Structure formats: C-alpha cells, structure tokens
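Asks: Dock chain X against chain S, hints included.
There are 2 protein chains.
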Amino acid sequence: MTQTSTLAILGGTGPQGTGLALRFAKAGVPVVIGGRDADKAREHAKELSQQLPDGSAEITGTDNATATEQAGELVILSVPYAAHNATLSEIKPLLSDKVLIDIVVPLAPKNPKAVEMPPEGSATEAAQALLGEDIAVVGALHNVSAVTLNKVDQAINCDVLVCGNQLEPKRKVMALISKLGVNCYNAGLAESARCVEAITPILIRLNISKEVPFSHAGITICPPAEH
Amino acid sequence: MTQTSTLAILGGTGPQGTGLALRFAKAGVPVVIGGRDADKAREHAKELSQQLPDGSAEITGTDNATATEQAGELVILSVPYAAHNATLSEIKPLLSDKVLIDIVVPLAPKNPKAVEMPPEGSATEAAQALLGEDIAVVGALHNVSAVTLNKVDQAINCDVLVCGNQLEPKRKVMALISKLGVNCYNAGLAESARCVEAITPILIRLNISKEVPFSHAGITICPPAEH
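Read top to bottom, the protein sequences are chains S and X. If you use UniProt numbering, the first sequence corresponds to residues 1 to 227, in order. If you use UniProt numbering, the second sequence corresponds to residues 1 to 227, in order.
If you are wondering where the hints come from, they were derived from the structure by calculation, not from laboratory data.
Each pair may be met inside one copy or between any two copies, as identical chains are not told apart.
Pairs of lysine to any residue, SDA-like flavour, derived with a Cα cap of 20 Å:
{"id": "1", "residue 1": "K113", "residue 2": "R171"}
{"id": "2", "residue 1": "K151", "residue 2": "A27"}
{"id": "3", "residue 1": "K151", "residue 2": "I204"}
{"id": "4", "residue 1": "K172", "residue 2": "K210"}
{"id": "5", "residue 1": "K179", "residue 2": "V212"}
{"id": "6", "residue 1": "K113", "residue 2": "C222"}
Nothing here was measured: the structure is a model prediction, and the numbers come from that model.
Chain S on its own, in the form it takes in the complex (with noise of 0.2 Å):
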C-alpha cells in the first residue's frame, strides 16, 4: 500500500462511513465509498466531497463491489449488523489480497445498550470464518461515536483497539487509522473482538444515562501516574 493507494468504506453513506470518509480524505487517503445504491453512494461522495478543505484526497462512490475492486488494499466494512454477512458474502470474490476492516458492531435490536454476538464470538470473528483464512479480516474503530467521527474539525479524542488474527494487516490497518491523529493499540486475536465490539454498547449506555458530564465517551489506555 502507498500513502495514496485507495480506501474503500463499504456502508459509507451512514453516519460512521460519512465521517471516516470525510476524516480520512481531508488526511490524503482518497476514499471511494460504496453502497447498495451505486447513485445514492456517487451523490453522497459528491455532497462529502463539497465539505473538504484544499489540498484532500477525493471521496467518489459507487455500488459496494466495484467499491472493493477500486481500494488499493484497504476495505473498510461499514454497515448496519443486519446487513454485515450479507455485504461480506458479496464482495468475498473480490476481496482476495485486500484486507478487510470490520468496525461493524453487532447491537442488540432494538437495545443499542446490549450486543447480540453471533455464534461465531463477535462480528470480526464471523466475518473471518466467512471471508475464510486466507482474506485477512482486522477489527477496528469499534468505539468511536460516529458524532465523534463527524465533527471533523476537532481532534478524536479516545484510542483505537484494533484486532486479527494477522500481524501485517493489523499493522497496515493501524498505520491508515494513526492518519486520523488517534492512537492504535493492538489487542491481539480476532477474538478480543468479543470485549472490544462490547464496549460500544456500555460507551451507549453511558451516554444514554446522563450519570456522565458527557455525551459521547470513548476510552483510551491511561498509563500509570509515574509516567
């Protein structure tokens, strides 16, 4: 992958797409999203692309297959859970040598203070078994609130946990995410996926109880007060 090689965010007309792609464009990566509705996905690239200050990458769209087979290596996966193995078994033909990105988290319906895992362990884990061993699958972003993503002009404040069963994609994965200004941290095997993807809905839960002076949490990994 080169500094400008393409990044693909499958779903980018949501919330969570909308501002990677937007965060990630003003940070150089050109972005071409992808939706089930290739003319929804261009109008949206377009109206994004209205946003961006001089000097960013482009956003363009299109339908999410021809989304995967433009991305240089990167596929982000960003789609509602009931939409995730759908999406998956689609573009799986065109995945070979991309890594894929999951930030899907698979909320409870109806009870975004609750996650419903699928048998598999987590949504990363399903989607490797999927995707099989040989496409690379990495689980990221799970915990950024997409109010968070979409206020563009201020920094990020709370960290990254990315996992996978991989090394290399893993690394690959953080280096695009470290573009954002965050911090990545390596939680280890796709099946810390299981703890990372839980903590979206306890960050919701927080949110939603006001027993916090904020309203839209992440985490980061504190050091030690000596250091």
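Replies: Showing chain X alone in chain S's frame:
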C-alpha cells in the same frame, strides 16, 4: 452501610487484595483480610498495618468465612480464578444481606493474554448463578493492575467499570471505590462483565508487548474533544 463499616477482602493476601487493603485502610475504611489460612492472613494484616500512615483505619486478618461474617456489608472476592467457585461455595451461607464484589478475571491458564470464560459468560455471571439471585453480585476493579494498586502513594489514574443486575448494590460499590479517588462508571448488567473482565488480558498484552511506552496500562472513559 455506614462510612466506617468493615470491608472484607477475601484472598486479601494476594497482590490485588494487598493493594486494595492498603488503599482502603488509608482512605478510612476498616479492612478484614480473609485467607484460606487464618494465621497467614493475620500475619499479612499485621505487616500491612505497619505500612499505614497515622489516621488510617485498621487492617485485620482471619479466614475467609470469618472475614465474610465480619464484613459490615461489602465483601470483595480477590482470589485466583481457580479458587473462585470453591471460595464462593464456602461463603455462600454467610452472604445474606451482603454484597459480593467480584474482581476476579478468568485468565486462561498459562496465557494471561487471553480469557477463558466460564459457561455462564463471565466470572461475575458465574458468581451470580452460584449464589442465586437473592445475593447481590457486583463486578468491579478488574482492570486496575496489582502493581498500580500497590503503589499506594500514587493516584490510580484509570477508571473503574462496575456491572451487576441490581442498581442499589452497584451504587454502594461505586461509593466505596470512589473513596480511592477513582471515577466509577455503571457499565450495565452482569453480562457486561464478559466485556469488562476481558479488557484485562488486552491490557496485559499491551504491557508485555513493549509496543506501548508504559507497563501497567489501564483504561479511562474519555469525553469528546469539545468538553
């Protein structure tokens, strides 16, 4: 529970229990350390007492069952996971009207970078199942390293996620832990422990990996940038 109600720490001769005993006593909470061996617990309590500054509350030691009986209301379970269920079975008849604070993480034997969750989903849920719904179980303090806990002159600069099926006991536990000067957050029902307990091996992995510039990481809940 009054301010000066005695706190029991079962497994209080271990590294987590030791740090907690010192910190709570310093904060004015009388502590009774429980151990399998009453003499050893008494000896340990005596040693810890000598380290306490003037004005601290008392630390005493006895066997686990007697320590449970001496607790005003709150009983911390701080044993290795291998002793989790056996200890709970032993003290179950003594826990009516008390609150069991489960801080145990079911780390995989020989691999502290992974959890091996019990069939109930987590140690906290296993405790609740074993004790029955009439005894309140609250999961807490899983992610604070023993090393951090034992540096008693330094502030704990990570947050504590608290979970359990009953709100009132959770509030009591959050009030207790707040005496250590840390922020406590209600992370939801007992099933959230599947996530909260599993954060610990992720932190242990980071500490071991040398990828991070610190060796006893914790987590904090962070507000978005605008706050």
